[in-house]
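Chain order of the listed sequences is A and B.
Mapping the first sequence onto this note's numbering, position 965 (from 1) lands on 965, and the numbers just tick up by one.
Mapping the second sequence onto this note's numbering, position 215 (from 1) lands on 215, and the numbers just tick up by one.
Be a bit skeptical, because a hint or two may be false.
Under the rule of at most 20 Å between Cα atoms (straight-line distance), these lysine to aspartate or glutamate pairs were calculated in the EDC-like manner [claimed, not checked]:
hint, chain 1, residue 1, chain 2, residue 2
1, B, K281, A, D38
2, B, K220, A, E33
3, B, K281, A, E973
4, B, K250, A, E54
5, B, K250, A, E961
6, B, K220, B, D180
7, B, K303, A, E362
8, B, K220, A, D971
9, B, K229, B, D195
10, B, K281, B, D215
11, B, K250, A, E973
Here are some chain B residues the structure puts well away from chain A; computed CB gaps all over 10 Å [what the hints assert, rightly or not]:
hint, residue
12, P66
13, W78
14, I89
15, A197
16, H224
For the record, the hints were derived by calculation from the structure and aren't laboratory data.
All values derive from a computational prediction rather than experimental measurement.
For every residue, glycine included, the Cβ atom is placed at its ideal position computed from N, Cα and C.
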Amino acid sequence: MLPKNPLLLFGLLGILIPIIIHLLNRRSSRVIEWGAMDFLFQSLAIRNRRIQLEEALLMAARCLLVGLLAMALVRPFVQPGSAVPWLLVLPTVLLGVVGLGIATTLHNEKKWRRIIAIVSILLLLAAAALIYLERHLNLSRFGAAGATQDIALVIDGSTSMTMENNIDGLTNFERAIEEAKTIVKRAPRGHAFSLIIGGPTPAAKFLVPSSNRADLIEALEAARPLDGPMAAYHSLTLASLGLAQGNNDAKQIIILTDAQNVGWENGETARWSFLSDTFKSLPSEPRVTLRQLRLPDQVRNLALSEITWSREIVGIDRPVEIRVTVENTGNESVTPEAISLEIDGQIYRDESLGQIQPGAIETIRFVHRFSDPGGHAFSAKLEVSDEIVQDDRRDAAINVADVLKVLIIDGHSAPRFFDRAASFTALALAPAESRSAANDEFDPDSTDDGGPSFAQPERFLVEPQVLPIAKILDQGNFDDLDAVILADVPRLPAATAERLLAFVKNGGGLLVAPGQRAEMTFYNAWRDEDGQPLLPAQLGESFVITPLDEPASPSVATFGHPGLRKIADPAQSDFASVNLTGYWPLIIPEKQAAESSVGARLNNGEPFLVSRQFGSGQVIMLDCSLDTSTGNLPTRQSFLPFIHEVVYQLANPSAYDLNLDAGWDVALHLSDHGSAGANQGLRGLYFSDHETKKPTHSRVDPGIDVRWETGSPAPDVPADNFRVEWLGTLQAPITDNYTFDATADDKLEVSLDGKVVFTSGKRPKTLKLEQGKSYAFRAVLHEGGGGAHAQLYWKSKKTPHQIVPASAFRAAPANIGELDPATANLFTVVGPDQLPRQAEIIDTGTGTVARIDGDIISGLYQLKIPPARRAEFSHFLAKDADSIPFTVKRDSAESHLAALDESDFTFLENYVTIGRPETLDDVLTILSGNDFGRELWKYLALGAFFFLLLEIALSRWIARERRTGETIAVDFEANDAPTSAFQEQLARFRSKEQGARSKELGVRS
Amino acid sequence: MSAPAKPTPALPANGNTEFTTLLPTEITSALGRLEFLARTAKEGSVTGRHVSPHKGFSVEFAEHRPYVPGDDLRNLDWRVYGKSDRYYIKQYIEETNMRVSLLVDASGSMNYVGDHATELNGSRLSKFAYARHLAAALSYLFIRQQDAVGLVTFDTEVRRYLRAAAKPSQLKTILGGLIDTKPADDTAVAAVFHDIAERIHRRGLVIILSDLFDDAEAIKKALHHFRYKNHEIVVFHLMAEEELTFPFTKFDEFQSLEIANMSLQIDPQTIRAQYLERVRKFVRDIETGCGQMGADYIPVNTKAPVTETLLNYFAQRKVAQR
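Generate the whole structure from the sequences, applying the supplied hints.
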């Protein structure tokens, strides 16, 4: 409890008025010499206690009346987070007041009178101390109140804020904007504001606090709600970033919100601790003022809460089932008219939905077959009249895969086709026309009845290619491929193994199916340069031959890998009839236990399928081969979907995800492993002489490590007198001082960011490279005659002398010569609001992402690809499309209108100081450095009024008890009245006497 | 019976001013020819010495009774004998001089004056002064009637005891005694009454002038004691107007008139009702007590003039005597 007018606390002295009046009244005005003392004493004896009680009561009522009145004038208020409960302070004050009053009336009990008076004064002093303490705590809590502040205005731009309110037709967002304008206008001079619109991704309109009112008002008027929930945690973080750049020491964050409980990350202790630390690192810990606008209690709403589809990788070969989930998030049941799905201009409509009860969820399925690969956007619309319109539409985007290129390395090139290790797999992946029927039979997505019938696909999603192990050296790198399958390969040459490892690291998929020919030593020693094993498991001591009568078979019940999900149903799968005549025991070393997981087991408990993520790619390892040499696996019907699903898994479906979660910022991952791999290395431009500007040949080289000697470096390029330029960027894996040197024939010149760092024949230079930073790399090799070769090395304290690896390079685009480097990576994005935004294409080292600037709202975006860069992103582009569609997902929780409850606030207040003013005036009070809180004066005034009435009633009652004013006649006349005769006589006598007197007087005169 | 000369008012001739203030002409003239007659027969010391201005009073026939030997033949009713041949003695109401004892309360509480008290000789009368005037007037009356008058003043005990005497100088003695008495000290009416009752041996008239501030029951018992001794009792109960109405409103200090340094600071309003109830009960108790024992009870409010009180009483007494 804090006083608004602390000086008026002296008004409490007003209780002296009744006390002094009482004492003055008691001052004996005169001394009456009295005879009938006994009667007085006797009367007093029976009344004494009662009189004291009456006086004490009356005095208590009067003191309380004055005390309450004085306290009402002080205008005490309870600020949130009050340390000293007002229910302690106020009674202490009033008790002290009452005690003083009562003590005054105790005239006959001197001892008690003194004790009560002392206790009362102590109580009053204690109350004063408590108020002072509260004030002190409050000040220290909120720092320099009254000083000019940096204020971050966070306006909730979530969907729920845009609901029209029945009261005045304004939405909460409009109201928040109005209040924010008032705050900006009426805040004391010197306060600086930053302005943040809270949405799925908070948007800073003014990040650095500004005190330019006009600009702020203009920005407020231009502010639009961001569709989706408010990421409150992120908004606060952004606000603290802004406040850190302000000049004022005092910081404050004002959130104008409906306090919907979405986006607050409640329970995320680590995150909030981090934010709390961020706050504490500011010059003064900002105080969060949460101005809560009322969230509607009743809402009639249906929301499209989810769109999913049946397969992770969607090709054009088969139709896909799209499921749209409708949820009633309101409080009343609603019947939608219809639900429609629009894909590529085609509209599917479903009117089967009936009444949906509150809280109920319905799922509608649509079947569509995409006609061409690339990014496709589609949107579901709910035809219903409800209160939140934004969630009646939901967008999604699918990147329809074109072709998955799979290389099957055959470790056993037998003369008979079916003896070869890769034959069954190749057949399964590229079935003959006649076999595609069987394919459909095992596709749970296919609809038996009424489903649209499609023409036979012109081609298949998967394009397998078999490479006998003997020809392995012909294979350069694996970058064009999506997945590689090692079918009973005994071993690979070291260089191939290394390239394959790099392929996986960059996002490629690898399936290892070792048979009897597999060499344990090779597989178990397959590691990257850091000694990290590529394979998820080690091959056991020896190949196990199972007894004929007890063949091992995979246990369907243990299938946990996502690729096995579709064949895990025993009713549809004949996997149980697989009999393995032999298998490799797979041992997961303890060190790897965290990364590797067993996706399926044999019926004897041995692992059947083990997988792990390696770099960006995935490795799946089986314990048997894919041919008939280890059992009847390839002859089962389930083999076909099995191998397909495994390949889909290997093809890294997450790379195709075009539906993003809103977060701190939004970035679309654009590199699938193919293009990422292609991107690694350097763009090599081959010129046929030393001068020409136009390259004869262009390709991506893994780095500068070439030995052409007397051969030609590239087609149409002579063996002598040519020139090679390598272009791209260089990224150092760690920050260090690097020294470059090279062996080159004839002359190599290397420059970074335009500075020459190495020239053949000169001393190499040392320079500092920072981790994560990209340096423009250019190397020119001039070859005169004779052998041609070039190797570029680097070394640093932490890096051994080595050839600069391909992973350090990013190749320049093919048309590097034609692009303006300043704007080359700035693309345009059109958002759901049809407003253009900018997207920057960034190479993060693990892939390419498009980072989207501007307001992020939920819905469909189109990333415009300039024609010149089309080739790079062709993977995402549909036929004839000039943009990549992607969506920012709407958090379906936003449709549930529930405000933060007290337990939420309790959690939040562990980390930040939250004030919750109830009115705009309170907010303004805070801004002028004053405190705010629940005012108590009304109750106190009411109390005073009550005691006024009580005082009146009490006085009346006491008067009645004392019978003041009542005539109590004591009959003190003679019983027998004198006779009338006597009266006459008396009268006569009197008149005579008077006459005599007057006569006497007359004589005298 | 020969009527002796009516005694001149036994006022001290030498113009003692104190006496005249005590017995001013207002009173003496008002008393005029009033007479106080005892209701019960008194053992007079001198039979038949009474000279009445109203003849026949003293020879009033009372009854007949049969003659017994030894009776005075003068009293034989010859007419009855002539008619019925029987001897009857005519009995007359005996005329006697009374022994009057004036019991004047001189306790402190009698000192109370009050704003409403009647004035005499230019100053308001305290209850004691009032009682003194009454006592003087009565003494004057009785002496004039040749009755024997005695005076007892008392507070907690008998302060002064003047034996009853009928000699004219007795008036002077009584007046002197009254003048000399200064009221003080506590009241213990009942106890004193018992004491006095034991002292007055011959039956007569006991006139009590007091505020009777004592326990009502005790007083009644004490009065009974007088009654038991065959005294006729007249109680002049003196109360001041304030004591009867308690008109105080402001916080006051009530200083005891009886006990020094005894005072009570009190808001009179708080106990007024209780006080008045108590007084009312007290007065009623005394009055009914007196009525039961055939004593004359004369409530005297000091606001009434002394003469009026006297005249009223005598008028009343006349009525009561019929």
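A quick look at each hint next to the structure:
no.: 1; hint: B:K281 - A:D38; in the structure: holds (14 Å)
no.: 2; hint: B:K220 - A:E33; in the structure: violated (27 Å)
no.: 3; hint: B:K281 - A:E973; in the structure: holds (14 Å)
no.: 4; hint: B:K250 - A:E54; in the structure: holds (17 Å)
no.: 5; hint: B:K250 - A:E961; in the structure: holds (18 Å)
no.: 6; hint: B:K220 - B:D180; in the structure: violated (29 Å)
no.: 7; hint: B:K303 - A:E362; in the structure: violated (107 Å)
no.: 8; hint: B:K220 - A:D971; in the structure: holds (19 Å)
no.: 9; hint: B:K229 - B:D195; in the structure: holds (12 Å)
no.: 10; hint: B:K281 - B:D215; in the structure: holds (11 Å)
no.: 11; hint: B:K250 - A:E973; in the structure: violated (28 Å)
no.: 12; hint: P66; in the structure: holds (39 Å)
no.: 13; hint: W78; in the structure: holds (39 Å)
no.: 14; hint: I89; in the structure: holds (36 Å)
no.: 15; hint: A197; in the structure: holds (23 Å)
no.: 16; hint: H224; in the structure: holds (20 Å)
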